[in-house]
Amino acid sequence: MKNTPSVEQHLEIYRRMLLVRHLEEGLGTLHKEGRTRGPIHRCDGQEAVGVAATAVLEAGDKVATTHRGHAVYIGKGMAVHPVVAEIFGRATGACGGRAGHMLVADAEKGVIGGNAIVGAGIPAATGMALSMQILGTGNVAMCIFGDGAAQTGICHEAMNMAGLWKLPVVFVLEHNQFGLTVPSEVQSPVEDLSIRAAGYAMPAEIVDGNDAVAVYRAVSAMVERARRGEGPGMVECKTYRIEGFSTSDMGGYQKPEDIAAWKERDPLLVSRKALLGDVGEAKLAEIEAAAKAEVAEAFETALSDPMPEFSLDEACNPYSEAH
Amino acid sequence: MAMMRYAEALNAALREEMQADPSVFVFGEDIGRYGGVFKVTKGLMEEFGETRVRDTPISEQALTAMAVTAAMTGTRPVLEIMYADFVPLTLDALVNQASIYNYIWNGQVKMPFVLRTQGGGGAGAGAQHSKSLDSMLAHIPGIKVVAPSTPADAKGMLKAAIRDDQPVVFLEHKLLYNTRGEVPEGDVTVPLGKAATLREGSDISIFATSKMVVEALKAADLLAADGVSAEIVDLRSLRPLDVNAIVASIAKTHHAVVVNEGWRFCGYAAELSATIMDHAFDELDAPVARVTLPDMPIPYSEPLETAMLPSAEKIRTAALKTLK
Ligand SMILES: Cc1ncc(C[n+]2csc(CCOP(=O)(O)OP(=O)(O)O)c2C)c(N)n1
Ligand SMILES: [Mg+2]
Chain U
16 MKNTPSVEQH LEIYRRMLLV RHLEEGLGTL HKEGRTRGPI HRCDGQEAVG
66 VAATAVLEAG DKVATTHRGH AVYIGKGMAV HPVVAEIFGR ATGACGGRAG
116 HMLVADAEKG VIGGNAIVGA GIPAATGMAL SMQILGTGNV AMCIFGDGAA
166 QTGICHEAMN MAGLWKLPVV FVLEHNQFGL TVPSEVQSPV EDLSIRAAGY
216 AMPAEIVDGN DAVAVYRAVS AMVERARRGE GPGMVECKTY RIEGFSTSDM
266 GGYQKPEDIA AWKERDPLLV SRKALLGDVG EAKLAEIEAA AKAEVAEAFE
316 TALSDPMPEF SLDEACNPYS EAH
Chain L
-9 MAMMRYAEAL NAALREEMQA DPSVFVFGED IGRYGGVFKV TKGLMEEFGE
41 TRVRDTPISE QALTAMAVTA AMTGTRPVLE IMYADFVPLT LDALVNQASI
91 YNYIWNGQVK MPFVLRTQGG GGAGAGAQHS KSLDSMLAHI PGIKVVAPST
141 PADAKGMLKA AIRDDQPVVF LEHKLLYNTR GEVPEGDVTV PLGKAATLRE
191 GSDISIFATS KMVVEALKAA DLLAADGVSA EIVDLRSLRP LDVNAIVASI
241 AKTHHAVVVN EGWRFCGYAA ELSATIMDHA FDELDAPVAR VTLPDMPIPY
291 SEPLETAMLP SAEKIRTAAL KTLK
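Top line first, the protein sequences correspond to chains U and L.
According to the numbering used here, the stretch in the first sequence is residues 16 to 338, in order.
According to the numbering used here, the stretch in the second sequence is residues -9 to 314, in order.
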């Protein structure tokens, strides 16, 4: 089928999803030991969205993501170590420990960046696309946003301009069924949020967000269109947050039977099953072991990396004129 | 030198910067076909086309957020927000986006964007179209805030703002657009963060920006008739602030009046007073006097509005009281 990832591409998506899952589980363990700082928003069960959507992008393309961006960071090509080191506030982190897990950026990789103001990533990606159109770079901007973010006012403003000016931006809706704790049916009168795309003259497609191949296919069709100058598109990925809102989530609002049902459709299982026939058990086992080791090593190194030192007088500190 | 209106000087700055650098673009409400409600962007769409000069929908929140990321990705956006009163709609993009990235991303991105807007009272525009929210803007670390008072500075500082790699909020005043002045010809920039002494004096220093500089100059004439020699310092830039110029002037006069068209409580005049305390307390012979808007909405009716706005007469009264 058109836009289907090759086996190699799917294998790489699978590998990156594994890195993300080990990252999330490692964070969960350290959180229980009291060794993490601040809330951490894990994306267990949603890896296919962030990883497969960004797998479509080229090096010069840019992505704006949410407070739950680990899959996007790894999907767009960041190594695990600088992400883990950033989460642990180390000098070696992607942003020297200044950003924390919600706001990670790697400008060289086109990750600019995480955003913890719900909805802010939508105009962010749209502005990048505006810049790309003006400069004629041929690049595409991607916005990953949640079902909660879809309800903000700024979402309407940004998507209207994206459609109006045919900007090269693709909106990937990570519909994980909840805002912070409030279920989507309590946030919106419509179940399929992408029906709104019609109001911005944007094509939209709804896909199983736990199937990396389906996400890749739909997103790559939209990215190709955007790159050709035909304007924005939207892909609504139906998925589920199996580990709750964040490490400070006290639970009680997700139905155990829903969690169990979605766990059976874990994106890692879906991809593994699809790949098994093509590459065989031995190859998968090898990739799985390597991913696990890579993340373990990233944690080990990051946790013994040095902490940054505070200074008011630095080259990139425009804030120090008045003390 | 050429005689120009303030609005024409701004227009010349935009045109020259767009000619010199293809990454500069301007966008905002009614700025293209119509040329802007204050005509600052007149003729730009004809010259540069609809890609670089865009009429936008009424979407201040998203427009400002888009300017931030457009600036991060290789362009130099100049966004016009029609009235300073609409700045509250832009605040997330300024407070939570533009101002943080240079620092929290460890210098990975540049942020060369300019938000132009105009504020101020005196035109009968009512409580939602007359405010000066400069204090609110200058409060945000990482954002430069400038407010020139003359056509020459308007042109030179707008050119400098467009070339600056940090976000700059460029504050204009609706009652300055038609004021005229000599503007140097050619590619002349005026650095951001440098004050200008517009009138030398020996008895008292008056610090102001934007339209309040015009009032301060009138006050200096009134004070001269009272036998008082007032020095008028046009700060030009609210942030970064030229503290040295303030200290140097007070070292001469030992008295200070600070003028701001915004609200008094937690306002820019309070910041100036505290800055003077920090840096020139020993030079002062009297407390710093503040001339500001009272803390209330701006009324419509002419006598009501006139009564509340800071004016030359109020500056004079404050100066005389300080000198007593
Ligand atoms: C403007 C704003 N309002 C509220 C919050 C608090 N908050 C953080 S995440 C969140 C829910 C977001 O839901 P969604 O966009 O679906 O993302 P998800 O957490 O499900 O990935 C809320 C309300 C915030 N960070 N920003
Ligand atoms: Mg959600």
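If you're looking for bench data, these hints aren't it; they were derived computationally from the structure.
Where is the CB? At the ideal position from N, CA and C, for every residue including glycine.
Some clues are possibly wrong.
Partner residues aside, some chain L positions facing chain U, computed with beta carbon under 10 Å [what the hints assert, rightly or not]: (1) Gln87; (2) Asn96; (3) Val204.
Partial list, computed: chain L residues near chain U (C-beta under 8 Å) [to be verified]: (4) Phe15; (5) Ala60; (6) Phe76; (7) Ser301.
For each hint, the structure was consulted:
| no. | hint | result |
| --- | --- | --- |
| 1 | Gln87 | holds, 6 Å |
| 2 | Asn96 | holds, 4 Å |
| 3 | Val204 | violated, 27 Å |
| 4 | Phe15 | holds, 5 Å |
| 5 | Ala60 | holds, 4 Å |
| 6 | Phe76 | violated, 13 Å |
| 7 | Ser301 | violated, 29 Å |
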